[in-house]
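Asks: Quick note, the sequences are listed as chains A and B, same order. 1 is the number of the first residue of the first sequence in my numbering; add one for each residue after it. 310 is the number of the first residue of the second sequence in my numbering; add one for each residue after it.
Each hint should be verified, as a subset may be incorrect.
Straight-line C-alpha distance at most 27 Å; calculated DSS-like pairs for lysine-lysine [as the list claims (entries may be wrong)]:
#1 A:Lys164 with B:Lys473
#2 A:Lys278 with B:Lys610
#3 A:Lys202 with B:Lys549
#4 B:Lys481 with B:Lys563
#5 A:Lys301 with B:Lys389
#6 A:Lys202 with B:Lys389
#7 A:Lys172 with A:Lys80
#8 B:Lys511 with B:Lys602
#9 B:Lys473 with B:Lys577
#10 A:Lys172 with B:Lys610
#11 B:Lys602 with A:Lys164
#12 B:Lys575 with A:Lys293
#13 B:Lys429 with B:Lys389
#14 A:Lys278 with B:Lys549
#15 A:Lys288 with B:Lys429
#16 B:Lys610 with A:Lys293
#17 A:Lys268 with A:Lys254
#18 B:Lys481 with B:Lys389
#19 B:Lys481 with A:Lys268
#20 A:Lys240 with B:Lys575
#21 A:Lys164 with B:Lys597
#22 B:Lys549 with A:Lys80
#23 B:Lys591 with B:Lys602
#24 A:Lys278 with A:Lys80
#25 A:Lys202 with B:Lys610
#26 B:Lys577 with B:Lys602
Facing chain A, from chain B, some residues (calculated, C-beta under 7 Å) [claimed, not checked]:
#27 Ile543
#28 Ala545
#29 Leu601
#30 Val605
Source of the hints: derived by calculation from the structure; they are not laboratory data. Just so it is clear, CB atoms sit at the ideal spot from N, CA and C, and this is done for glycine as well.
There are 2 protein chains.
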Amino acid sequence: MSTTSPQRITLIGLGTIGMSMAALHLARENTIVDVFDTRPDFEKYLIETLPTFLGRLHVHTSLESACASATIVQEQGPEKVTFKQSLWKQVESITPSSAHLWTSTSGIAASIQQSEMRDKTRLLVVHPFNPPHIMPLLEIVPSPETSPERVEFAREYFSMAGSKHRPVVIQKEIPGFVGNRLAFALLREACYLVQEDVVNAKDLDTILLASLGPRWAGNGVFESYQQGGGEGGIQAFLEKLGSTMQLVWDDLGKVNVLGGKETEWKDKVISQVNETYKPLTKNQILEKEARLKELVEVQTKRYTQGAEL
Amino acid sequence: MSTTSPQRITLIGLGTIGMSMAALHLARENTIVDVFDTRPDFEKYLIETLPTFLGRLHVHTSLESACASATIVQEQGPEKVTFKQSLWKQVESITPSSAHLWTSTSGIAASIQQSEMRDKTRLLVVHPFNPPHIMPLLEIVPSPETSPERVEFAREYFSMAGSKHRPVVIQKEIPGFVGNRLAFALLREACYLVQEDVVNAKDLDTILLASLGPRWAGNGVFESYQQGGGEGGIQAFLEKLGSTMQLVWDDLGKVNVLGGKETEWKDKVISQVNETYKPLTKNQILEKEARLKELVEVQTKRYTQGAEL
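Chain A extracted, bound-state conformation (with noise of 0.2 Å):
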């Protein structure tokens, strides 16, 4: 079946990853969106939350029901690894076998959830960023069993015109996947230069704000160094800044979120962190929310070449 033909989609785990796919769904005109969720009140917050859907959005109390007549089913569960091998054991049995398998999870693999499954090739990762309804990224990992099929068909579902979403497939399985590894690589750092007292924790956010955000909202991280190294691109880059380049990595803090000594970092970095960010009222987070909007869209933006400068 093709990506543009009228899909079923069974969501299973309304959180706010699911409410947010409800809406990406029900804004295809041919889709019907079946929900299911343990949670008693949720219907209730579904209806409120989404109610121009109604007629389209189908709300079921068992998952036989919700997934019968899937070409899709998605989940956005617990994180946990029984929950979710049991979870696509039992889906395996009650949905047509041409059904699309896909996990919203940011942590455990398509190899590991499948583990119960008869027929592996058809589970997959499509990890989304929060906050999902604005930020563009959705990160598809398939286990080595995935049919490539089954692969395209989530990327080319995601890249349809209209689409808001930038889906990338990450090739092989690996902790954190792509965005997750990249951000935790520099959040380590960002802990240990706050525990060396190098900065505070409000001055690092600062320095990220002025500097290396705005350059990775313009430009990726290899864009940004093919420029910066001129006309010797980043071969020229490397050369220049190697030594202090290799100075810095052997230098990288080595402090960890588990263990003993290692995490004497974490008191210093939440106090600081919660004297500097008070909850937001709900005005300060939709003003957040459409900065970052706005943040994205400029992203697409096409300028008058050179008019501005």
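Starting from the known structure of chain A, arrange chain B on it as the hints suggest.
Replies: Relative to chain A, chain B alone:
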């Protein structure tokens, strides 16, 4: 002398950073800028680039005359230890003793540069971020000997009303300061992921642009995880994501830029980056700069709260 008093700034070295600093200082109405460079064509280039400021911009062919009346001397010469050490020794002997001495270095700490100076309280790092005419960040990095008054003078000078810069004082000298340490931590993992064929260089850049770039252009890294943890803030986030985070931290790539086998990623990264990013035309560069400028402007924008969503 107060930061709001008229200043006479000597700029030593007129490359990209120096030109940008000249424009920055001249944009203040009560400044005179003396420039010195040993390149034969620099005067012609300067007069073509900054013609509107002639009258307040003086070109010197001797370091002595360039420094004779300075209230601030700012250096952006070659990144060579011996050059900087002997320059400051000389500058110290030809400059009024009240003058502030700033270096734009990205890698050589003030405590190393000042080794041949008699008065080590005068020198500090003022490190801009590329491209300096758009990026708000200035890292102010004193040596342990720099006087607090001189640190505060520099911070105030770049914080003045109308300044688009955001100076941050780094409390301890450390290789790469803060901005480049964070960038290099992420770059190292990016190179590793390309080496391991998890993604290619182009897809890695797409991932960064579609997620972390806009996130960190809108929020700092600590602020993001404070929000990401919901009511429990960053503490709840660290508890919830701690095991995935530790798994990633234990698994981060240890590629090196100098050395033997550990540099094998370089050919792959360089060739993929060269394949993806061809040299930019003048118009494309201007378009990129317009985008970057707009991303920075979005950061300071006030929204009609909640109006858009």
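Asks: Each of the hints needs a verdict: does it hold here or not?
Replies: Cross-check of the supplied hints:
1. A:Lys164 with B:Lys473: violated, 32 Å
2. A:Lys278 with B:Lys610: Judged against 27 Å, a Cα distance of about 21 Å means the pair holds.
3. A:Lys202 with B:Lys549: holds, 23 Å
4. B:Lys481 with B:Lys563: It holds: about 26 Å lies between the C-alpha atoms, which stays within 27 Å.
5. A:Lys301 with B:Lys389: Since the Cα atoms of A:Lys301 and B:Lys389 sit roughly 41 Å apart, the hinted pair is violated (cutoff 27 Å).
6. A:Lys202 with B:Lys389: With Cα atoms ~33 Å apart, A:Lys202 and B:Lys389 exceed 27 Å; violated.
7. A:Lys172 with A:Lys80: holds, 21 Å
8. B:Lys511 with B:Lys602: Given pair B:Lys511, B:Lys602 holds - Cα atoms ~23 Å apart, limit 27 Å.
9. B:Lys473 with B:Lys577: violated, 39 Å
10. A:Lys172 with B:Lys610: violated, 40 Å
11. B:Lys602 with A:Lys164: Status holds; Cα separation ~23 Å.
12. B:Lys575 with A:Lys293: Judged against 27 Å, a Cα distance of about 35 Å means the pair is violated.
13. B:Lys429 with B:Lys389: Holds. B:Lys429 to B:Lys389 sits at ~19 Å (cutoff 27 Å).
14. A:Lys278 with B:Lys549: Between A:Lys278 and B:Lys549 the Cα gap is close to 20 Å, so the pair holds against 27 Å.
15. A:Lys288 with B:Lys429: Measuring from Cα to Cα gives roughly 44 Å; hence the hint is violated.
16. B:Lys610 with A:Lys293: Cα-Cα ~13 Å, so holds.
17. A:Lys268 with A:Lys254: holds, 16 Å
18. B:Lys481 with B:Lys389: holds, 21 Å
19. B:Lys481 with A:Lys268: holds, 17 Å
20. A:Lys240 with B:Lys575: It holds: about 14 Å lies between the C-alpha atoms, which stays within 27 Å.
21. A:Lys164 with B:Lys597: holds, 21 Å
22. B:Lys549 with A:Lys80: holds, 12 Å
23. B:Lys591 with B:Lys602: It holds: about 16 Å lies between the C-alpha atoms, which stays within 27 Å.
24. A:Lys278 with A:Lys80: violated, 31 Å
25. A:Lys202 with B:Lys610: holds, 20 Å
26. B:Lys577 with B:Lys602: violated, 32 Å
27. Ile543: Because about 5 Å separates B:Ile543 from the closest Cβ in chain A, which is inside the 7 Å limit, the hint holds.
28. Ala545: Check failed: Cβ of B:Ala545 comes no nearer than 10 Å to chain A, outside 7 Å.
29. Leu601: Hint holds; B:Leu601 Cβ to chain A Cβ min 5 Å, cut 7 Å.
30. Val605: holds, 5 Å
Violated hints for the displayed structure, listed by number in ascending order: 1, 5, 6, 9, 10, 12, 15, 24, 26 and 28.
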